[in-house]
Amino acid sequence: KISQLKLFGRFSSAYINIMLLKNNFLLGLLLCIKISSSTVVVRKKASLSKNTATLTRSGGFSFPSFRKQQVTPTKEEDVSVSNYWYAVLHNWLYFLSLGLCIPTLPRVIASVVNEDGSTQVSARSSRIGGDVEGVDKLLTFLGVGALGALSDVVGRKIMIAIGALGYAMTIALQLSARRNNIKLLFIADVVDGATSCMNAVSSAYVVDSVQDPEKRAIAVGIFQGLSVGGAFIVGFPLAGILSNKNLAPRRPMML
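Note that this note's numbering has the sequence shown beginning at 150, numbered continuously upward.
A few of these clues could be false.
What the hints assert, rightly or not - Simulated restraints on C-beta separations: (1) Glu363 / Lys332: 49 to 59 Å; (2) Ile251 / Leu314: 17 to 27 Å; (3) Phe290 / Val270: 40 to 50 Å.
Claimed, not checked - Straight-line distance between alpha carbons at most 30 Å, and here's what the computed BS3-like set of lysine-lysine pairs gives: (4) Lys306 / Lys364; (5) Lys286 / Lys332; (6) Lys286 / Lys306.
Just so you know, the hints here were simulated from the structure itself, not pulled from any lab data.
Everything numeric in this text was worked out from a predicted model, so none of it was measured.
Glycine is no exception: its CB is placed at the ideal position from the N, C-alpha and C atoms.
From just these sequences and the hints, can you work out the full model?
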């Protein structure tokens, strides 16, 4: 258990660094605390199991053993036949959409906020853009755990579909926002934050799909590296190319 936790810690450190670089300091700090506390709990359980074995051999009493209970697959997926490439594809498409929108979104917000409708980023548009993104990240932080727990009940695929549909609605609302229609920008990010569970649920889908514990960490690493990093490698340059003309910021978001 300790060796598996170390492998998970090495993999998750990259994700924590990304969170810290994105100014999500609180989320990165909570992830660090969670991993550290899990290490302490596993070491305590391992020590208690060793003491139990010693007492049993010496004729003393024994404590109940700490055994990890097997999670029953949801009714929608059978983990013995499921394929984690399903999660890789959907998460890749999700983050590809993010990669197309992130570079041009400040200019879209500027075109809504500026009185003359220009796409030049101003101090006011930057402030409103930060407020909009703050609402999104706050709702994501508060709700992603509940959405992940809900996927244990209704199934991973349903929640993956909800995450994709929520982000599609967000982009549609942002594209339909016109000059001085700032409320629509906030509504769009409320929808995004309330349905943002794609990465978390897709990660759970990968873990459910791989039965071999030794291969599980490899599968999760492939999933994160390919579906997140690979999507941004394609999305960011493509957004710059598509927004190089007069139709500018909204064209990549349409794609």
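| task | Check each numbered hint against the structure and report the violated ones by number, ascending. | result | When the structure is compared with the hints, only number 3 turns out to be violated.
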